[in-house]
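Colleague: In order, the protein sequence lines correspond to chains A and B.
The opening position of the first sequence corresponds to residue 1 in our numbering, with each subsequent residue numbered one higher.
The opening position of the second sequence corresponds to residue 1 in our numbering, with each subsequent residue numbered one higher.
Honestly, the hints are just simulated from the structure, not real lab data.
Every residue, glycine too, gets a C-beta built ideally from N, C-alpha and C.
Careful: at least some of the hints might be erroneous.
[Said to hold, decoys possible] Derived, one-sided and incomplete: chain B residues facing chain A with beta-carbon distance under 8 Å:
hint: 1; residue: Thr19
hint: 2; residue: Leu27
hint: 3; residue: Met35
hint: 4; residue: Pro36
hint: 5; residue: Ala41
hint: 6; residue: Gln46
hint: 7; residue: Val49
hint: 8; residue: His225
hint: 9; residue: Ala226
hint: 10; residue: Thr241
[As the list claims (entries may be wrong)] Taking beta-carbon pairs under 7 Å as the criterion, some of the chain B residues facing chain A (in silico):
hint: 11; residue: Glu22
hint: 12; residue: Cys23
hint: 13; residue: Ile37
hint: 14; residue: Gly38
hint: 15; residue: Gly39
hint: 16; residue: Ala42
hint: 17; residue: Asp45
hint: 18; residue: Glu224
hint: 19; residue: Arg227
hint: 20; residue: Thr239
hint: 21; residue: Asp242
[Claimed, not checked] Counterexamples of contact, computed for chain A against chain B with all Cβ distances above 12 Å:
hint: 22; residue: Ser343
hint: 23; residue: Asp404
hint: 24; residue: Thr453
Number of protein chains: 2
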Amino acid sequence: MTNPSAYERLAARFRLVATIGECASMLGWDASAVMPIGGGAARGDQLAVLAVLRHQHLIAPQVEGDLAAAEATGPWEAANLKLMRHAYVRAKALPEELVQAFARASSDSEKVWRVARKDADFRIVQPHLAEVLRLTRETAQALSGAIGLSPYDALMDGYQKGVGADDVAPVFAAYEIFLSQTLPEVEAYQAGQPEPVRPSGPFPIAAQEGLCRDLAQRLGLDFEHARLDQSAHPFSGGTPTDVRITTRYVEDDFASAILAVVHETGHALYERGLPSVYARLPVGEAAGMAMHESQSLIIEMQAFRSDAFLGWLGGWLHATFGGAPEPYRLENLGRLWRRVQRSLIRVDADELTYPAHVILRFRLERAMIAGDLTVADLPGAWNDGLQSLLGIKPSDDAQGCLQDIHWYDGAFGYFPSYTLGAMSAAQLMQAARDATPDLDEAFARGDLLPLVTWLRTHVHGVGSRLDFNSILQQATGRKLDPLAFQTHLRRRYLSA
Amino acid sequence: MTNPSAYERLAARFRLVATIGECASMLGWDASAVMPIGGGAARGDQLAVLAVLRHQHLIAPQVEGDLAAAEATGPWEAANLKLMRHAYVRAKALPEELVQAFARASSDSEKVWRVARKDADFRIVQPHLAEVLRLTRETAQALSGAIGLSPYDALMDGYQKGVGADDVAPVFAAYEIFLSQTLPEVEAYQAGQPEPVRPSGPFPIAAQEGLCRDLAQRLGLDFEHARLDQSAHPFSGGTPTDVRITTRYVEDDFASAILAVVHETGHALYERGLPSVYARLPVGEAAGMAMHESQSLIIEMQAFRSDAFLGWLGGWLHATFGGAPEPYRLENLGRLWRRVQRSLIRVDADELTYPAHVILRFRLERAMIAGDLTVADLPGAWNDGLQSLLGIKPSDDAQGCLQDIHWYDGAFGYFPSYTLGAMSAAQLMQAARDATPDLDEAFARGDLLPLVTWLRTHVHGVGSRLDFNSILQQATGRKLDPLAFQTHLRRRYLSA
Numbered sequence: 001m002t003n004p005s006a007y008e009r010l011a012a013r014f015r016l017v018a019t020i021g022e023c024a025s026m027l028g029w030d031a032s033a034v035m036p037i038g039g040g041a042a043r044g045d046q047l048a049v050l051a052v053l054r055h056q057h058l059i060a061p062q063v064e065g066d067l068a069a070a071e072a073t074g075p076w077e078a079a080n081l082k083l084m085r086h087a088y089v090r091a092k093a094l095p096e097e098l099v100q101a102f103a104r105a106s107s108d109s110e111k112v113w114r115v116a117r118k119d120a121d122f123r124i125v126q127p128h129l130a131e132v133l134r135l136t137r138e139t140a141q142a143l144s145g146a147i148g149l150s151p152y153d154a155l156m157d158g159y160q161k162g163v164g165a166d167d168v169a170p171v172f173a174a175y176e177i178f179l180s181q182t183l184p185e186v187e188a189y190q191a192g193q194p195e196p197v198r199p200s201g202p203f204p205i206a207a208q209e210g211l212c213r214d215l216a217q218r219l220g221l222d223f224e225h226a227r228l229d230q231s232a233h234p235f236s237g238g239t240p241t242d243v244r245i246t247t248r249y250v251e252d253d254f255a256s257a258i259l260a261v262v263h264e265t266g267h268a269l270y271e272r273g274l275p276s277v278y279a280r281l282p283v284g285e286a287a288g289m290a291m292h293e294s295q296s297l298i299i300e301m302q303a304f305r306s307d308a309f310l311g312w313l314g315g316w317l318h319a320t321f322g323g324a325p326e327p328y329r330l331e332n333l334g335r336l337w338r339r340v341q342r343s344l345i346r347v348d349a350d351e352l353t354y355p356a357h358v359i360l361r362f363r364l365e366r367a368m369i370a371g372d373l374t375v376a377d378l379p380g381a382w383n384d385g386l387q388s389l390l391g392i393k394p395s396d397d398a399q400g401c402l403q404d405i406h407w408y409d410g411a412f413g414y415f416p417s418y419t420l421g422a423m424s425a426a427q428l429m430q431a432a433r434d435a436t437p438d439l440d441e442a443f444a445r446g447d448l449l450p451l452v453t454w455l456r457t458h459v460h461g462v463g464s465r466l467d468f469n470s471i472l473q474q475a476t477g478r479k480l481d482p483l484a485f486q487t488h489l490r491r492r493y494l495s496a
Numbered sequence: 001m002t003n004p005s006a007y008e009r010l011a012a013r014f015r016l017v018a019t020i021g022e023c024a025s026m027l028g029w030d031a032s033a034v035m036p037i038g039g040g041a042a043r044g045d046q047l048a049v050l051a052v053l054r055h056q057h058l059i060a061p062q063v064e065g066d067l068a069a070a071e072a073t074g075p076w077e078a079a080n081l082k083l084m085r086h087a088y089v090r091a092k093a094l095p096e097e098l099v100q101a102f103a104r105a106s107s108d109s110e111k112v113w114r115v116a117r118k119d120a121d122f123r124i125v126q127p128h129l130a131e132v133l134r135l136t137r138e139t140a141q142a143l144s145g146a147i148g149l150s151p152y153d154a155l156m157d158g159y160q161k162g163v164g165a166d167d168v169a170p171v172f173a174a175y176e177i178f179l180s181q182t183l184p185e186v187e188a189y190q191a192g193q194p195e196p197v198r199p200s201g202p203f204p205i206a207a208q209e210g211l212c213r214d215l216a217q218r219l220g221l222d223f224e225h226a227r228l229d230q231s232a233h234p235f236s237g238g239t240p241t242d243v244r245i246t247t248r249y250v251e252d253d254f255a256s257a258i259l260a261v262v263h264e265t266g267h268a269l270y271e272r273g274l275p276s277v278y279a280r281l282p283v284g285e286a287a288g289m290a291m292h293e294s295q296s297l298i299i300e301m302q303a304f305r306s307d308a309f310l311g312w313l314g315g316w317l318h319a320t321f322g323g324a325p326e327p328y329r330l331e332n333l334g335r336l337w338r339r340v341q342r343s344l345i346r347v348d349a350d351e352l353t354y355p356a357h358v359i360l361r362f363r364l365e366r367a368m369i370a371g372d373l374t375v376a377d378l379p380g381a382w383n384d385g386l387q388s389l390l391g392i393k394p395s396d397d398a399q400g401c402l403q404d405i406h407w408y409d410g411a412f413g414y415f416p417s418y419t420l421g422a423m424s425a426a427q428l429m430q431a432a433r434d435a436t437p438d439l440d441e442a443f444a445r446g447d448l449l450p451l452v453t454w455l456r457t458h459v460h461g462v463g464s465r466l467d468f469n470s471i472l473q474q475a476t477g478r479k480l481d482p483l484a485f486q487t488h489l490r491r492r493y494l495s496a
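Whenever a hint applies, use it, and build me the whole structure from the sequences.
Modeller: Shown next as C-alpha cells:
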C-alpha cells in the first residue's frame, strides 16, 4: 500500500468533515420534524459540538501543507482543490472564539425572536439582533480580509459563491422598474377575470398525504432514499442518499400541502442528482443556495404551475377528491394558484411580487452590514421600503421586520438567493424547452421526467465543478439573464 | 476566571464524549425507526465517524495526566472519577486498528446474518461469525490485561460492571434445577385451567396507538421529553431528555403493542430519572444493562402483569375496544398473558422459561470466548443445549443459533443481563412492596406512580454512583438474591 498523496489526504479529511456535517443535517431534520420540545436544549449542545468538530478538522495543522502540495489530476479534482482551499481560508479566517460567540448569540437571539414575533414586540429582540449584527460585521470583516471580497460579498459568498452585491444591485434595480410597470397591468388584467373558486373540502389528511407522495414520486423522487413528513414550516434536508422533505396539511385546503411538496421535491431532486462519485467532497455539493432555489422553483413555479401540467393535474385531483368538477378546471386552477396580490408576508407572496420582498431585505441588510442602518432604525426603514416597493405598509412589526427568522438567526447575505433562483429557473426553463421540444406535451400527460432528466445533466450532475454563472452559461448559453424571468412573468400573467 | 482543575477538565471532556454519543444514539434511533433503506450506507459511515471521534477524545494525550492529578470533592465526584479512569483504561487498551477491524467485521457479519436467518442457512454466515469471534477474543484478551478480569468477565464488564461469570454461573445452575422441578408443575397446573380466550378484533391501529400513549403517560412518561414510534423490533433509545420508544402494531391483537410499550417505558423511565445534575458524566449514566433490564421488567412483568393491575386494565381495555366482556376479565387476561410454554424463540418466551434461553447462550458464549467451542460446532451445541434445558429442539438454525442478532453483531457477554435483570426486578419489587404497603391498591386503580416514585429514589436517581449489587444492597438490604425471583414465579404460576 503506497502512502496517500496530499490530495488524497485532503479528500479523506473533507469526507470526514462532510460526514460530521451529515450527522448535523439529520439531527437538524429531527429537531424540526419529530423532536419532542424537551429535547431542544440537548440538541443545541449536540449541534454545537458537531460544528466545533467540523471546524477543528477543517483547520487542522496538516491542512495548510497538504493544500500547498496537492496536485489535481483532472478538471473535477482541480475544481475540488480550489473549493477546498477556499473553505480552508474561510474557516481559518475566523477565530474559534468568534465562531462560538456568534453561534451563542444567534441561538439566543432566535429564541427571543420567537417570542417577539408572537407578541409583535420588536423591542425585546432589538439588543439581541444588535449583538448578532455586531458579530456578523466582525465575521464579515475577517472573511473580507482573507478572501478579498467586500464584507457583504464575503457573507454572500457563504451562500452563493461567485455572485456579489454589484451583480445583484443592478438586476434588482431593473426588476423594481419592471415591477412598477407590470404590477398595475397585471392587477388590471386580473380584475377583468372571474374570481377563482377554491375546491371545497374537507380533504382528509391521509388522502392528501397519499397524493403528495404520489406527486413526489411522479416528479422522480425515490422513497428508498427519501422521506416525507410534517413540520410547521416545510423544508428539505437530510443527505443526498437520504433526503427528507416536509410539508403541512390543513383539512380544508390541499393546495398548501401539495405546493410545498412540489417545491421541496425540487430541492430534493437536486441533492439526489449530485455526482455520487464525488460525494462528501466540495465539488460534489450543490452549487450554492441560489442554484438550489432555482431547482425548487423550476419544478414548482415553472413546470408545476404551467398550463400544460395544471391541465393534467386538475383531472387527477378531481379523480382523487371528487365533488364539483368546475374548481378543478385549468382556467380556475390557474387563477387560483397564480394569483398576484400585494402582500406583507414574503413566504405568502406570488411569483411577481416576491422579488420586491427580497429587494427590500437585500437593501436593508447591505446597509446594516455597511454600518449605514442601525438595528434601532430597522422597523421604520422596513415599513418605508415596503411602502415604496409595493405601496403597502405593515400594521405591526410581526407583519414587518419580525416576519423572517434569517437575520435573528445570523443569516445575512442569504436573501438574494431566492430571487436569483427564481430568475435562473426561468432562464433554465427556456433552455430546457428549446432543447426538448415536446416538454409541454409531457407536462400535459403529468410527466415531468423529461425536464428532470435535462436538469440532471445540466445542473444536478455538475455539482460544484462550475460556479453559478458558469452552470447557466453552459446550460443556457449565457450567464444570468434576468430578462428570461420578465418574459416568463409577462407571458404568464398578461396573456393567459 | 480561574483555570479549570484537572477534574473539571475531565468532566468537560467526558461531557463532550457523551454529547457525541448522544448524536450516535439519535442517529441509531433514526436508522431503526424512520430511515429509508437507501440511507443505510451513509448512516454506517456517520456512526463509524462518531465512534472514532469518541474514542479519540477519550484517549487524548492530556487525559492520563488529568486522571492522575484529579481530586474528587465528594462521593459523586469520587465515583465519577473512578468510572472515568475505568473508561479510559478500557479505551486505551484497544488499538484503533482493532476497534476499526471489529466494527467492520461486526457490520459485515450482521448484514450476512440477516440473509442467513431468513434462509435458515448458518453456513453462509459461519466465516463471518468466526471472524467476529476471533476479534472479540482479541479484544477480550486486551481488556483482560488492562482491567485485571478474565477475558469473558472483561466483556461482561462492558455491559454490566461488577458482575462476572463466577457470580452468574452458580445462580444459573441453581435456576436450572429450579426450572426442572417447577416447569412440569406449572404445566400440570395450567392443564387443569380453562384455555384463555383472545379478545377478538380487529383493533384499529390508531386506537391501539392512543392506548399505548395513554398507558405510557399513566406510567409516568412525559411526552414533552419522549416519542413513541413504530419499528420492526421494539426498542428504547434516544437520550435522557429525549427518550424514544417504539412498538409494533398488528390489527388483530393489541397485546404485542401494549406489552412492548410497557416494557420500553420501563427503560425510558430509568433514563428520564437519571440524576440530571450529572448528565453526560459517567456517574450520571444508568448502572449497566442488567439494572436497565430490571427497570423494564419490574414495570412489565412485576407490576403490569400483577393481578391488581390486570384487574384494572381489563376494564379499561374493554371500555376502549368494546365487544364481549369475558376476554377482558382478570382470570382470562392472567391466563392469556402469563402463559408458560416451552418455546424455541427467546424473545417469545414466558417469564419462567426465558432464563433457560439465557443460560444456554451464557454457556455457549463463555465456551466460545475460552476457545472450548468453535463456531462450526455451534449449531449442534445449541440444539443439544436447548434439548437438555427445555426438552425441545429447533427444526432449523433460524429457530436455533441464528435467532438473535447479538453475537453476529459482536455482542458477547450481554446475554446474562436479561436474567440478572429479571431476578433483580423481583427482588426490587419485594422491597418496594415492603416499603409501600398500599402499592397493590394503587395498581388496582391503574396507578403505577407509587412504584415509579420508589424506583426513582432507589434506582434511577442513583445513576452509576453505586454498582449493580450496591444498588440492590441499598434498596433491598441485600445484594442479588435469586430466590426472590423463584418466590415470585411459584406464587404467580402455582397459586393463582
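Colleague: Please go over all the hints and tell whether each is borne out by the structure.
Modeller: Verification of the hints:
Because the closest C-beta pair between Thr19(B) and chain A is about 5 Å apart, less than 8 Å, the hint holds. Hint status for Leu27(B) relative to chain A: holds, with the closest Cβ pair at about 6 Å, below 8 Å. Residue-level restraint check for Met35(B) holds (minimum Cβ-Cβ distance to chain A is 6 Å; threshold 8 Å). This hint holds: Pro36(B) has a C-beta 6 Å from the nearest C-beta of chain A, less than the 8 Å allowed.
A least Cβ separation of about 7 Å between Ala41(B) and chain A falls short of the 8 Å threshold, and the interface hint therefore holds. Residue-level restraint check for Gln46(B) holds (minimum Cβ-Cβ distance to chain A is 5 Å; threshold 8 Å). A hinted interface residue such as Val49(B) counts as satisfied when its beta carbon comes closer than 8 Å to some beta carbon of chain A; here the least separation is about 5 Å, so the hint holds. Nearest Cβ of chain A to the Cβ of His225(B): about 4 Å, under the 8 Å cut. The hint holds.
The criterion of a C-beta within 8 Å of any C-beta in chain A is met by Ala226(B), whose closest approach is roughly 6 Å, and the hint holds. Satisfaction of the interface hint for Thr241(B) is found here, the shortest Cβ-Cβ separation to chain A being roughly 5 Å, below the 8 Å cut-off. Because the closest C-beta pair between Glu22(B) and chain A is about 5 Å apart, less than 7 Å, the hint holds. Because the closest C-beta pair between Cys23(B) and chain A is about 5 Å apart, less than 7 Å, the hint holds.
Interface restraint check: Ile37(B) against chain A, minimum CB-CB distance 5 Å, threshold 7 Å, status holds. At about 4 Å, the closest approach between the beta carbon of Gly38(B) and any beta carbon in chain A falls short of 7 Å, and the interface hint on this residue holds. Annotation: Gly39(B) was flagged as interfacial toward chain A, and the flag holds, the nearest CB pair being 3 Å apart, inside 7 Å. Nearest Cβ of chain A to the Cβ of Ala42(B): about 5 Å, under the 7 Å cut. The hint holds.
With 7 Å as the threshold, the beta carbon of Asp45(B) comes within range of chain A, its nearest partner Cβ sitting at about 5 Å, so the hint holds. Contact between Glu224(B) and chain A, as hinted, is supported at the beta carbon level, the nearest pair being about 4 Å apart and thus within 7 Å. Hint status for Arg227(B): holds, given a least beta-carbon distance of 6 Å to chain A, under 7 Å. Residue-level restraint check for Thr239(B) holds (minimum Cβ-Cβ distance to chain A is 6 Å; threshold 7 Å).
Checking Asp242(B) against chain A: minimum C-beta separation of about 3 Å stays under 7 Å; hint holds. No beta-carbon of chain B is positioned within 12 Å of the beta-carbon of Ser343(A); the least distance is around 35 Å. For Asp404(A), the requirement that its beta carbon stay farther than 12 Å from each beta carbon of chain B is met, with the minimum near 28 Å. The beta carbon of Thr453(A) is kept farther than 12 Å from every beta carbon of chain B, the shortest such distance being approximately 20 Å.
Violation of the numbered hints given earlier is absent; every hint is satisfied by the structure.
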